[in-house]
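Given the sequences, and given the hints that come with them, work out the whole structure.
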Amino acid sequence: MSSPLSAPSAAPASRPRPSRAPAGVRVRPQERGWAPYAFLSPYLLLTSVFFFVPFLDAIGLAFFETNGPRTRVFVGLANFHFLFTDSTFYRALWNTTVFACASVFVQLPLSMGLAILLNSSKGRLRGMLRLVLFSPNLVGQIFVGILFSTLFTPRYGLINRAFHALFGWGLEVWWLSNPWLVMPALVLTSLWVWVGFNMVYFLAALQGVDRSLEEAARIDGASEWQVFRFVTLPSMRHVTVFVVVTSVIGSYQLFELPLALLHSTEGAGPENSGLTLITYLNNVAFHLGDLGLGSAVGWIAALIIFFVSMIQIRVSRVLED
Amino acid sequence: MNPTRLVVFAALAVFAALCARSPGRTLIYLRFLLLGLAATVVLAPFAWLLAAIFKDRTVFDEYLFLPPPAEWSSRTLNLDNFRELFRGRPSVHGTAYFWQYVLNSTAYATVSTVLNLFFCSLGGFALAKYDFRGKAALLVLMLGSMTIPSALLLPPLYNMVVDLGMVDSLTGLIVPGMVSAYGIFLFRQACMSVPDEMLDAGRIDGCSEIAIYFRLVMPLVRPMAAAFCLMTFLGTWNSFFTPNVFLQTQKNFTLPIVLYMYVNDYQSNYGVFLAGTALAMLPPMVLFLALEKEFISGLTSGAVKG
Amino acid sequence: MVEKFPYGKAPFWLLAIALASVAGRWLVMGHGDARADLLIVANSPSHFEAYKNAVPRFERKHGVHVEVQFAHWTALQSRLESAMLAGADVPDLVELLEGSLGFFTRGPREDVGLLDLADRVEAEGFDRRLVASRLSSWSTVDGRIYALPNDVHPVMLAYRRDLVAQLGIDVTKLDTWDAFVEAGRRVTRDVDGDGVVDHYMIDLPYDGNWALTSLLLQHGGQLFDRAGNIAFNSDITTEVFAWYLRQTHGPRKIAYDAGWGQALGKAMVDGLVVFYWAPDWRSRFFADEVPSLAGHMALMPLPAWDKGGRRTSVWGGTGLMISRRTPRPDLAWELAKFLYFDPTEMGKRFEATNIIPVLRDAWTMPELDAPNPYYSNEPIGRMYADLAPDVPPSYVSPLTAVAGTELDEAFSRCVSYYERFGEEGLTDAIHRELSRAEAYVQRLAERANWMARAP
Numbered sequence: 001m002s003s004p005l006s007a008p009s010a011a012p013a014s015r016p017r018p019s020r021a022p023a024g025v026r027v028r029p030q031e032r033g034w035a036p037y038a039f040l041s042p043y044l045l046l047t048s049v050f051f052f053v054p055f056l057d058a059i060g061l062a063f064f065e066t067n068g069p070r071t072r073v074f075v076g077l078a079n080f081h082f083l084f085t086d087s088t089f090y091r092a093l094w095n096t097t098v099f100a101c102a103s104v105f106v107q108l109p110l111s112m113g114l115a116i117l118l119n120s121s122k123g124r125l126r127g128m129l130r131l132v133l134f135s136p137n138l139v140g141q142i143f144v145g146i147l148f149s150t151l152f153t154p155r156y157g158l159i160n161r162a163f164h165a166l167f168g169w170g171l172e173v174w175w176l177s178n179p180w181l182v183m184p185a186l187v188l189t190s191l192w193v194w195v196g197f198n199m200v201y202f203l204a205a206l207q208g209v210d211r212s213l214e215e216a217a218r219i220d221g222a223s224e225w226q227v228f229r230f231v232t233l234p235s236m237r238h239v240t241v242f243v244v245v246t247s248v249i250g251s252y253q254l255f256e257l258p259l260a261l262l263h264s265t266e267g268a269g270p271e272n273s274g275l276t277l278i279t280y281l282n283n284v285a286f287h288l289g290d291l292g293l294g295s296a297v298g299w300i301a302a303l304i305i306f307f308v309s310m311i312q313i314r315v316s317r318v319l320e321d
Numbered sequence: 001m002n003p004t005r006l007v008v009f010a011a012l013a014v015f016a017a018l019c020a021r022s023p024g025r026t027l028i029y030l031r032f033l034l035l036g037l038a039a040t041v042v043l044a045p046f047a048w049l050l051a052a053i054f055k056d057r058t059v060f061d062e063y064l065f066l067p068p069p070a071e072w073s074s075r076t077l078n079l080d081n082f083r084e085l086f087r088g089r090p091s092v093h094g095t096a097y098f099w100q101y102v103l104n105s106t107a108y109a110t111v112s113t114v115l116n117l118f119f120c121s122l123g124g125f126a127l128a129k130y131d132f133r134g135k136a137a138l139l140v141l142m143l144g145s146m147t148i149p150s151a152l153l154l155p156p157l158y159n160m161v162v163d164l165g166m167v168d169s170l171t172g173l174i175v176p177g178m179v180s181a182y183g184i185f186l187f188r189q190a191c192m193s194v195p196d197e198m199l200d201a202g203r204i205d206g207c208s209e210i211a212i213y214f215r216l217v218m219p220l221v222r223p224m225a226a227a228f229c230l231m232t233f234l235g236t237w238n239s240f241f242t243p244n245v246f247l248q249t250q251k252n253f254t255l256p257i258v259l260y261m262y263v264n265d266y267q268s269n270y271g272v273f274l275a276g277t278a279l280a281m282l283p284p285m286v287l288f289l290a291l292e293k294e295f296i297s298g299l300t301s302g303a304v305k306g
Numbered sequence: 001m002v003e004k005f006p007y008g009k010a011p012f013w014l015l016a017i018a019l020a021s022v023a024g025r026w027l028v029m030g031h032g033d034a035r036a037d038l039l040i041v042a043n044s045p046s047h048f049e050a051y052k053n054a055v056p057r058f059e060r061k062h063g064v065h066v067e068v069q070f071a072h073w074t075a076l077q078s079r080l081e082s083a084m085l086a087g088a089d090v091p092d093l094v095e096l097l098e099g100s101l102g103f104f105t106r107g108p109r110e111d112v113g114l115l116d117l118a119d120r121v122e123a124e125g126f127d128r129r130l131v132a133s134r135l136s137s138w139s140t141v142d143g144r145i146y147a148l149p150n151d152v153h154p155v156m157l158a159y160r161r162d163l164v165a166q167l168g169i170d171v172t173k174l175d176t177w178d179a180f181v182e183a184g185r186r187v188t189r190d191v192d193g194d195g196v197v198d199h200y201m202i203d204l205p206y207d208g209n210w211a212l213t214s215l216l217l218q219h220g221g222q223l224f225d226r227a228g229n230i231a232f233n234s235d236i237t238t239e240v241f242a243w244y245l246r247q248t249h250g251p252r253k254i255a256y257d258a259g260w261g262q263a264l265g266k267a268m269v270d271g272l273v274v275f276y277w278a279p280d281w282r283s284r285f286f287a288d289e290v291p292s293l294a295g296h297m298a299l300m301p302l303p304a305w306d307k308g309g310r311r312t313s314v315w316g317g318t319g320l321m322i323s324r325r326t327p328r329p330d331l332a333w334e335l336a337k338f339l340y341f342d343p344t345e346m347g348k349r350f351e352a353t354n355i356i357p358v359l360r361d362a363w364t365m366p367e368l369d370a371p372n373p374y375y376s377n378e379p380i381g382r383m384y385a386d387l388a389p390d391v392p393p394s395y396v397s398p399l400t401a402v403a404g405t406e407l408d409e410a411f412s413r414c415v416s417y418y419e420r421f422g423e424e425g426l427t428d429a430i431h432r433e434l435s436r437a438e439a440y441v442q443r444l445a446e447r448a449n450w451m452a453r454a455p
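Residue numbers (the working numbering), protein chains in the order written: chain A, 1 to 321; chain B, 1 to 306; chain C, 1 to 455.
Source of the hints: derived by calculation from the structure; they are not laboratory data. In this text, a Cβ means the ideal position worked out from N, Cα and C, and glycines have one as well. Be aware that one or more of the hints could be misleading.
Derived Cβ-Cβ restraints for the label pairs, each shown as a range [said to hold, decoys possible]: (1) A/Phe307 with C/Arg226: 43 to 51 Å; (2) A/Val318 with B/Leu12: 38 to 46 Å; (3) A/Ser212 with B/Ala39: 26 to 34 Å; (4) A/Thr88 with B/Gly24: 52 to 60 Å.
Written as C-alpha cells, this is what we have:
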C-alpha cells in the first residue's frame, strides 16, 4: 500500500517555512527539511516493525490454528465458528459486558459525585484528598488483585469483618467461591481502583467550567440541580465522553485484576463467573498455545470496542444538539 | 457494641451536633462526612496491608489490624515475612532471590521510561513545530493506531519476538514498547505551547535543530516530561500480561509475575506475598509523591483540552 | 549537572537508575555458569532429596557433573511447554505429574519437546519389565513413549483395626463394594444419641475429585480409550457416578469428607471415619502425620465392583521426561534409569516413602517383606506388590485436563440434581450430564488438527 510514510525524502525538498524572523534575515530551509523526518524516524521504524507488521499478521493469524509460535495450519473460518458456538466464550462476553455497564453506571457517577464534593473544598485539603483518593491507581492491577483476594477471605478478611462489625452479618460470605458474588466483588475492587482516577478527570473539568455562566443561571432563578444539569454538565461534555469511552475500552480489556483476584481458578472464578474476554484470550492463546484462536478473540474484542466507542461518540454528538 | 460501631456512632453524633448548631452549614458538614468516608474506604486496604506484613503468621487471623499495644512483642510483630520473602527459593536454574526480581523490574521500568521519554518527546516536538509532507496522514494513522487494543497484537508480536530470538529477555520486552503514539501526542500538546519566536531566534543564532530540541524546547516542557515519566514508569513497573507471556525462565521474571506465583504458593502464609506486594507498591508511590502536580496536569491535558 | 539535564530532575535520576540496574543485571547474570553435563528438575521435595543423595554415585561412575534442582509443579508445567515451543532453554530431565503428558503432546509430532523413548524402552525390555499399565500414562496413541514411569501406586484401604473390631466388621468379608456398603450402613449411625453421626465408613471427598477417578479406573472406566477417543460417557461411568452420589450425598450415605491436613488427622484419631483411601504413598503420609495411631492401623485390598474383579486402583504418579534438545541423550537415559530403577535407590526409596518400585524385577527385594509397625506389622510392601500387576491403565490425551474439568462439572450438576430429586430419573440425569460433557470435549477434539490418531 502506498503511503506518505513509506518514503521519507532523503533530499530536503520541502519549501522554506514562512519565517517570523525580522525581514532581511535569511533562514536556511535546507537544514530543517530533514529534521521532522529524522525526529520521527525512531517512531516510524519501531511502529512499522512492532505494530504494523503484527497488525497485518493478526489479520491473517485469526484464520489459522497454531501450536505455539512456529507451527500453524490454515483453517479458514473454523476459529470464528468455534467461538460462536462456545458457551464459555459467551460467558466471557457476558461477564465483560456486565462489568463495562457497572463501570459506566456505578463507577462514573461515584467519581462525578466525589469530584463535585472535592471541587468545593479549599486548596490544601483538596490536594491531599485528591492524592489519597487517587493513590489506589498507582498500584498495579495485579497487585490490587493479590491484595483484595486476601481482603475477601471469609471470616477473617477485612471486608467481611467490616460488614460484620458494622451491620452484624456477613462474616461467612464466600465472595470468591460463590458464582453470584464474584462479579460484585470484581466491581467493588474496580471501584476502589478507578473511582479516584476518573474523579481526577472530572475535577479538572469542573475547574474549567465557566463560573460566570453558572452565576448567570443562578441569578435567573435556577436551582442548584438545574444549574448542574443544564450548565455545568454540558460544559464538561468532552471530558465525560472521554472518561466514558476510556472506561468502556478499559473494561473490555480487563484481565490482570480478575486473574489475581481469582487466582485459584486462574481468573475464571467458580463456573466461569469471573471470566473476561481477555482472560479467555490468554487461556486460549498462551496456555493452549493456539495463537490463531487467540487472534480471533482479539479481533472480536477490537471490533466490540470500536463499535461501542463509535456509538458513544455518536450519542454524545446527538446530545450536544 | 464493638469499637467500629462506637466510632461510627460517634462520628454521626458529632455530625448531628454540628448540624444542629449551625444548620446553614449542614451541606458543608455533609461534604466532609462523605469525603471522610471515601478517604477511609480508600485507605483501609493500605492500612490493613501495612499491618499485615509485620504480623506473625500465628496471630495473622486473630487481629484485624495490629494487636493491641499490650500484645506487641517479637512473637506477634516481626520481620519474618520479609525474611521468608528474601530467602532463596528453588528454581530450575538454582536458587532465586527476591532482589533479582526487583532488579529485573527496575531495569525494565527505568530503561523503558527513559527510551520512551527520548523518542516520544522527539516525535512530539517534530509534530508540533514542523510542517512536512504527510503530516496530516501520519496524525490520522497515529490516532487510529491508538484505538487498537494491545491484546489483539500480543499473539503476533509474540511470534515475532520468538523469531527474532528476543523472547525470554528484557530486550524483547523493552524494544517493542520503546515509543508510543500516546506519548507523542502528549508531547505534541506540550510543545505546541512553546513560542515559535524562540525557535527562530535559536536558528538565527546558529543552533542546529537537535540543539534547539535539547537546549530550548525540552527545558520548557519539563512538567510534561515528568508526568510522562511517571505514566510510563507506572505502566511498565505494574505490567503483567506481556512480561508473563514473553519471559520463560524464572531468573528473568519481573515482580508482578513472581508475586502472582507466590499468591498460589503461600496460601497458608499470606504475610509473605503481602510483604512482597507492599515492597512492589513503594517505588511508584515514591515517584508519584515527587511528581504529583505535574502528573495530574499531564494526565488531564489530553482530555480536558480535547 | 542535574539542573542542566534537559528533561529535568526526575528523568535524570531515572536515567541514572536505568544505567545502574542494567549494569547490575549484567554483573549478576552475565556470568554464564559452567553448565553441568545434565540438569534434572524434580517436582517434589522428597524426590529432590532422594536424587541429590543418589546423584554423587552416578557422577563418580560416569565422570560427569549433574545438577539437581527442584521447582514447584504449578510453575513448571506452563512454563515448560511455552519454553519448549519458543525455543528457550529447557532442563535435560524434568519430572512430570500424572496426566500432564497430554499438555506436551497436543501439537504435531515435530513440536513435541520431549524425547521419544519408545525404542530404548523396547530395546531394553522395559515394556515387559515394568508394570505395563503404567506406561499408558506416558504414551501417545501411536505408540510413542515420552516419559519413564516412577511408580505404580496401587490403592488399598487403610483402616483402624481397633475400631473395626469394636464395630464388629469382618474385613475378610468386604470383597465387593456391595458388601462394603452394606457393612457401612450398619456402621454409619449415631451411636450415642447426640444427633451427630459417630462413625462414617469411608473418607471420600463430596465433590468427587480424585476418588471418583480412582473408582472409575478400578471399574474399568476411562476418560479416553486406548485409541484416544472419548470414553467417559459410558454405563460404567454412570454406575460409578450413581454409586458415589449415594455414598456421599444420599440419605443412607456412608462417606465423610475428612479433607487433608489437621482435619484429616483429627478424623483418624477420633475415629470419625473408619476406612481411608490408601495408595502406597499415602500410607506413609498417614504414618508421618498421625503417629499416635501406630500399631492400630492396617491395610486391606479394595473391595471389587464385581465378585472376583479388580481389587485395586491407582492414584497419582510421576514420570521422568528427557528433553529432545538435550546435548547428551544417552547420558540422560542412563541417569533416568539409575534414579528410577537402580536397586539400591529403590530400596532406599521404599524405606523412606513406602512407594513400591514399578520394575517387577525389584519386587524380590527384602525390604518389601519387612513388617511395618504402623500397620500392625503387616508386610505392606508385599501386599502392595501383589496388587501391582492389577493396577488399571490410565490413558492420556491432550484433552485429559479439559475432560477432567468437564467431568467434575458434570458430577457437580449431578449432585444438585440428586439433592433435589433423589433417585428419580437419576440415571437419565447422569446420562444427560455426561453427554453434555462429551459434546464439549468432542468439539475441542474436532478442532485440534494435530491430535494423534490411532495407527
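Indices of hints not satisfied (ascending): Per hint list: zero violations.
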